[in-house]
Structures are given as C-alpha cells and as structure tokens.
Amino acid sequence: GESVGLHLPTLSVQEGDNSIINCAYSNSASDYFIWYKQESGKGPQFIIDIRSNMDKRQGQRVTVLLNKTVKHLSLQIAATQPGDSAVYFCAENANTGNQFYFGTGTSLTVIP
Amino acid sequence: NAGVTQTPKFQVLKTGQSMTLQCAQDMNHNSMYWYRQDPGMGLRLIYYSASEGTTDKGEVPNGYNVSRLNKREFSLRLESAAPSQTSVYFCASSQSRTLNTEAFFGQGTRLTVV
Numbered sequence: 001g002e003s004v005g006l007h008l009p010t011l012s013v014q015e016g017d018n019s020i021i022n023c024a025y026s027n028s029a030s031d032y033f034i035w036y037k038q039e040s041g042k043g044p045q046f047i048i049d050i051r052s053n054m055d056k057r058q059g060q061r062v063t064v065l066l067n068k069t070v071k072h073l074s075l076q077i078a079a080t081q082p083g084d085s086a087v088y089f090c091a092e093n094a095n096t097g098n099q100f101y102f103g104t105g106t107s108l109t110v111i112p
Numbered sequence: 001n002a003g004v005t006q007t008p009k010f011q012v013l014k015t016g017q018s019m020t021l022q023c024a025q026d027m028n029h030n031s032m033y034w035y036r037q038d039p040g041m042g043l044r045l046i047y048y049s050a051s052e053g054t055t056d057k058g059e060v061p062n063g064y065n066v067s068r069l070n071k072r073e074f075s076l077r078l079e080s081a082a083p084s085q086t087s088v089y090f091c092a093s094s095q096s097r098t099l100n101t102e103a104f105f106g107q108g109t110r111l112t113v114v
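Protein chains in written order, with this note's numbering: chain A, 1 to 112; chain C, 1 to 114.
For the record, the hints were derived by calculation from the structure and aren't laboratory data.
C-beta: ideal position from N, C-alpha, C; glycine also.
Don't take each hint at face value.
Derived contacts from chain A toward chain C, CB cut-off under 8 Å, selection only [what the hints assert, rightly or not]:
1) Ile34
2) Phe46
3) Gly103
4) Ser107
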C-alpha cells in the first residue's frame with residue numbers, strides 16, 4: 001500500500017516558539033490531507049485539513065502547507081503552548097481510494 | 001454530545017478467546033471505521049463501513065470480522081484472539097460515504113492478548 005512518513009519522530013520546542021512538523025507522502029493521487037493531534041490515552045483529534053487544489057490553509061494558530069511537487073505536507077503551530085504537547089499525525093486519502101493512510105506520528109514536547 | 005463511544009476501554013484476553021468491541025456514534029454519520037494502533041506506528045485501517053449495510057476490508061483485516069448493526073453502531077469481533085492482536089483499537093466515524101472528510105475518533109480500547 002501507499003505510505004505516509006514523517007521526517008522527525010520527536011520535536012521539542014520552547015513555549016512561545018513556533019513549531020513545524022513535516023510529513024512526506026508517496027501517493028501522487030492523494031488529494032485530501034488531514035492533521036490529527038493525539039494526546040496520551042486519547043483518540044486522535046482533528047486539527048486541520050487541506051485539499052489538493054490548495055497549497056496553504058490557516059486555522060487558529062495552525063497553518064498547513066502542501067507542496068504537491070515534492071509530495072510534502074507541513075503543520076505549523078504558532079506560539080506553541082504546553083497544551084500542544086501531543087503526537088501529531090498526518091493522513092492522506094486518494095479520492096479514488098477507500099481509506100486514509102496515517103503516518104507514524106511526531107511527538108511534540110513543549111518546554112515551559 | 002457523546003460523539004463516538006467505544007466499549008470496553010480495557011480488555012485482557014487469553015489466546016484463542018473471542019470478544020466483540022462495540023462502537024456507537026450519535027452524529028448521524030454515514031461512514032464508520034475500525035483502526036488499530038501499535039507502538040511507534042500510525043493507525044492502520046482494519047475494516048470500514050461506507051454506509052449502513054455495507055462493510056469493506058481495510059489494510060489489515062485478517063483475524064477480524066465486523067458488523068454494521070445499524071447507522072449508529074459498528075462492532076469489531078475477534079473470533080480467536082492472538083498475541084499479535086494486542087493493540088489499541090479505535091473506532092471512528094465520518095459524514096461522507098466517500099471517506100474524503102474528517103473522521104471523529106473514540107477514546108480507544110486497549111486490548112492485551114496473553
């Protein structure tokens with residue numbers, strides 16, 4: 001099957017700094033991407049999504065960038081807070097396919 | 001709003017035992033899914049149900065069966081549990097039948113097979 005991977009398995013940032021979490025995908029047919037946040041002992045929680053007809057989408061303190069040329073996705077978190085500490089997953093879906101493929105996750109630790 | 005509710009939260013089984021994981025959603029979603037999450041890995045799709053009355057295999061269906069009981073409920077059954085099925089299981093639901101919309105996840109069931 002197709003795979004979704006992450007460049008860095010762990011990331012530590014100082015409180016107040018910006019965080020960038022990266023994701024590479026391999027299926028050029030993927031046209032919908034989601035970032036999820038998973039806190040310890042909980043299920044994944046939707047953060048933000050982006051469709052392939054866009055290259056940038058902003059939410060509250062989060063921005064997702066999509067570079068289809070190099071099949072790369074990133075999540076930017078502004079002014080990172082201790083509550084942002086979690087594992088972040090990217091997931092991709094091809095409209096012609098029937099399932100999302102998830103990356104292995106990046107563990108973000110915010111240092112107070 | 002309860003969202004997606006899974007039961008039980010924890011379960012220990014002996015090899016060869018069977019059990020059913022229950023999942024219910026109250027968002028009137030059409031599609032429901034079962035994932036498993038192993039340490040250091042992302043979520044992998046076991047089975048999904050695009051709409052009431054239909055089920056399809058995902059990436060790792062072997063050793064599992066599912067039932068879409070009605071629009072709200074989607075259960076996952078392990079007929080003869082194996083240690084390789086030790087994992088955290090997540091149920092999810094989404095509005096769209098095409099799967100191209102965000103999914104809402106339950107809190108997970110931590111299953112240990114000894």
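Return the status of the interface hint for Ser107/A: holds when the least beta-carbon distance to chain C is below 8 Å, violated otherwise. violated (10 Å)
Status of the Ile34/A interface restraint (C-beta, 8 Å, chain C): Because about 6 Å separates Ile34/A from the closest Cβ in chain C, which is inside the 8 Å limit, the hint holds.
Quick one, is the Phe46/A hint okay against chain C at 8 Å, beta carbons? holds (5 Å)
Residue hint Gly103/A, partner chain C, criterion CB-CB below 8 Å: holds (5 Å)
When held up to the earlier numbered hints, the structure conflicts with hint 4 and nothing else.
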